[in-house]
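Hints given; two lone chains; assemble the complex.
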Amino acid sequence: MSLNVLIADDSSTMRKIIVRSLLSLGANGLTEAGDGEQAVAHFKAGQFDLVLTDWNMPHKSGLEVVKEIRADNAHVPIIMITTEAEKSRVVEALQAGVTDYLIKPFTAETLKEKLGKYGL
Amino acid sequence: MNVNYINPFITATTHVFKTVLDCDIRRQHLSLKQTRAPTFEVSGVIGLTGKANGAVALSVSKPLAFKLVEVMLETRVHEINSDVADAVGELTNMIAGGAKTGLSHYELSLGLPTVFTGRSRTIDFPASVSPLCVLFETLWGPMAVEVGLNAPRSAGSADNPPRPNAFHPSLQENYA
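In order, the protein sequences belong to chains A and B.
For the first sequence, counting from 1, position 34 maps to 34 in my numbering; every step adds exactly one.
For the second sequence, counting from 1, position 104 maps to 104 in my numbering; every step adds exactly one.
With the rest of the complex left out, here is chain B (with noise of 0.2 Å):
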């Protein structure tokens, strides 16, 4: 199975609550996710579509949630309300996006974020793939990032991608 694909996300992750943030993330461990419920409370998904075919989530643990409120837009929050799922999913869409430029190979597309509550309702990974899901660790609570992704090896290899025709700097030193 092609898993390296899931490299640019974790250094979108990274970048992205770096800058939006200021916030340093740690990661944890890969794994194949058993299930298609989203890891913690808090989940934004994005579709992503082109020469593969998936879905990424950003899910986060209640706490974290009501944290990335707090310093993005400079309110506290002590409940699941539409500022949560604004944020949650607009961080979604720069993760997906930062991403995107670091798999240029695929030429993805990237859908409208979702953002749903619970544990109980499950991510639409495509039915052929074992999605991926990274752990990481932050000051304010776990998150984890969590993606199904199609990736036909014939439409570059992910092994050795080629080097993205991008500005985005954070992507730029994966490929060095």
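The shape of chain A in the complex, shown without the other chains (with noise of 0.2 Å):
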């Protein structure tokens, strides 16, 4: 599957579980983001297909992460992977230009589900 996935998570932790599923799922051209800074410079220098992305996290958020993948590129889906349960976050994050939301915490099973929405 040659799909290109930015996954940013400050936890490593949560990087290995989710690049563990998209590689059980035959995803490859996997790029890793420690915090919302490093996420957008990724962005800007590659292609991707699919972004996956955490709220709370270092030097820039992920909604801020959001609102500048959405100001360059338009179409590329973004789910939000987070803690952050309210149901007024999850339509702050809708109305900021994200596509999907996954709640932490998540079974392997639901993230593969949800992965499986974007062409994995």
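One thing to keep in mind: the hints can contain errors.
Okay, derived cross-link-like pairs now, DSSO-like style, lysine-lysine, Cα gap no bigger than 30 Å in a straight line [stated by the list, open to error]:
id, chain 1, residue 1, chain 2, residue 2
1, A, LYS117, A, LYS87
2, A, LYS114, A, LYS67
3, A, LYS16, A, LYS114
4, B, LYS51, A, LYS87
5, B, LYS62, A, LYS87
6, B, LYS33, B, LYS62
7, A, LYS114, A, LYS87
8, B, LYS18, A, LYS114
9, A, LYS60, A, LYS112
10, A, LYS67, B, LYS51
11, A, LYS44, A, LYS112
12, B, LYS18, B, LYS33
13, A, LYS67, A, LYS16
14, A, LYS117, A, LYS60
15, A, LYS16, A, LYS44
16, A, LYS87, A, LYS112
17, A, LYS16, A, LYS112
18, B, LYS51, A, LYS60
19, B, LYS62, B, LYS18
20, A, LYS16, A, LYS87
21, B, LYS51, A, LYS112
22, B, LYS18, A, LYS16
23, A, LYS16, B, LYS33
24, A, LYS60, A, LYS114
25, B, LYS33, A, LYS117
26, A, LYS44, A, LYS114
27, A, LYS16, A, LYS117
In case anyone wonders, no lab produced these hints; they're calculated from the structure.
What you are looking at is a predicted structure, and each value in this text was computed from that prediction instead of being measured.
Structure follows, in structure tokens:
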């Protein structure tokens, strides 16, 4: 599966869990970012088919990442993966341009089901 | 003293361990902490701010910390390293996030997790509150969730909190 996926989360544990699921689904072209600034820099330097981002990250939040990506690219699917579960936060993220939303904690099956909606 | 704010943390901890680790945890007793030192050797701490202020800590024994990494990352570790710190920090983050949803009347924001080892450091709970400690037993060893929250009743009654406007399935049952 030749999809380029950007994974942004300040937790290396969470990035490894997500990468493991992506690899099991046959994805390649995986790029990791440990904070929001790195995520935006990677996005501007590359071509991505899917972006997975945490909300609470150092230097730049996931919400800011989403807004900057949407300023450049209106079409790439973005999944917010976060502990922010209040309805108002979900609405805020969707209004900023998030395509889909996954609340932590999640099972591997839930993550794979979500990724399956985006060509994996 | 308002202590009912502890319940969403207990619910969130149970849900996080079951979902992430497929681990059933058993709650032991709840107590007021007599010290601000963590209960066990590896502790993740997150600050909470909003209409209430404070901190939550997940404190685990070393064997449990190693097992958490083994289950989450499918990697065996035998010493405290960055994987251990990050795994404990991320679990703390998920527990705080889940509890935040159940305490939506306090409009809490989470800080970023910090993790430290040893029991000589103190956790930065508010000076005006006595932190609560909930002990849990797991198949892999003991752990504690410690919460100190300066939670005024005027921000919403913790005895009768408003129904959370949330999507968190594990927390809905608290208010059913």
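Now the hints, each set against the structure:
1. A/LYS117 - A/LYS87: holds (22 Å)
2. A/LYS114 - A/LYS67: holds (22 Å)
3. A/LYS16 - A/LYS114: holds (17 Å)
4. B/LYS51 - A/LYS87: holds (18 Å)
5. B/LYS62 - A/LYS87: violated (37 Å)
6. B/LYS33 - B/LYS62: holds (21 Å)
7. A/LYS114 - A/LYS87: holds (19 Å)
8. B/LYS18 - A/LYS114: Given that 30 Å is the threshold and the Cα spacing comes to 20 Å, the pair holds.
9. A/LYS60 - A/LYS112: This hinted pair holds, its Cα atoms lying about 27 Å apart.
10. A/LYS67 - B/LYS51: holds (28 Å)
11. A/LYS44 - A/LYS112: holds (26 Å)
12. B/LYS18 - B/LYS33: Between B/LYS18 and B/LYS33 the Cα gap is close to 26 Å, so the pair holds against 30 Å.
13. A/LYS67 - A/LYS16: holds (25 Å)
14. A/LYS117 - A/LYS60: holds (27 Å)
15. A/LYS16 - A/LYS44: This hinted pair holds, its Cα atoms lying about 23 Å apart.
16. A/LYS87 - A/LYS112: holds (23 Å)
17. A/LYS16 - A/LYS112: holds (14 Å)
18. B/LYS51 - A/LYS60: holds (24 Å)
19. B/LYS62 - B/LYS18: Between B/LYS62 and B/LYS18 the Cα gap is close to 20 Å, so the pair holds against 30 Å.
20. A/LYS16 - A/LYS87: holds (28 Å)
21. B/LYS51 - A/LYS112: violated (37 Å)
22. B/LYS18 - A/LYS16: holds (19 Å)
23. A/LYS16 - B/LYS33: Roughly 35 Å between the alpha carbons, so the hint for A/LYS16 and B/LYS33 is violated.
24. A/LYS60 - A/LYS114: Holds: A/LYS60 and A/LYS114 sit about 25 Å apart, inside 30 Å.
25. B/LYS33 - A/LYS117: violated (47 Å)
26. A/LYS44 - A/LYS114: Since the Cα atoms of A/LYS44 and A/LYS114 sit roughly 25 Å apart, the hinted pair holds (cutoff 30 Å).
27. A/LYS16 - A/LYS117: holds (21 Å)
Consistency with the previously given hints fails for numbers 5, 21, 23, 25, ordered from lowest to highest.
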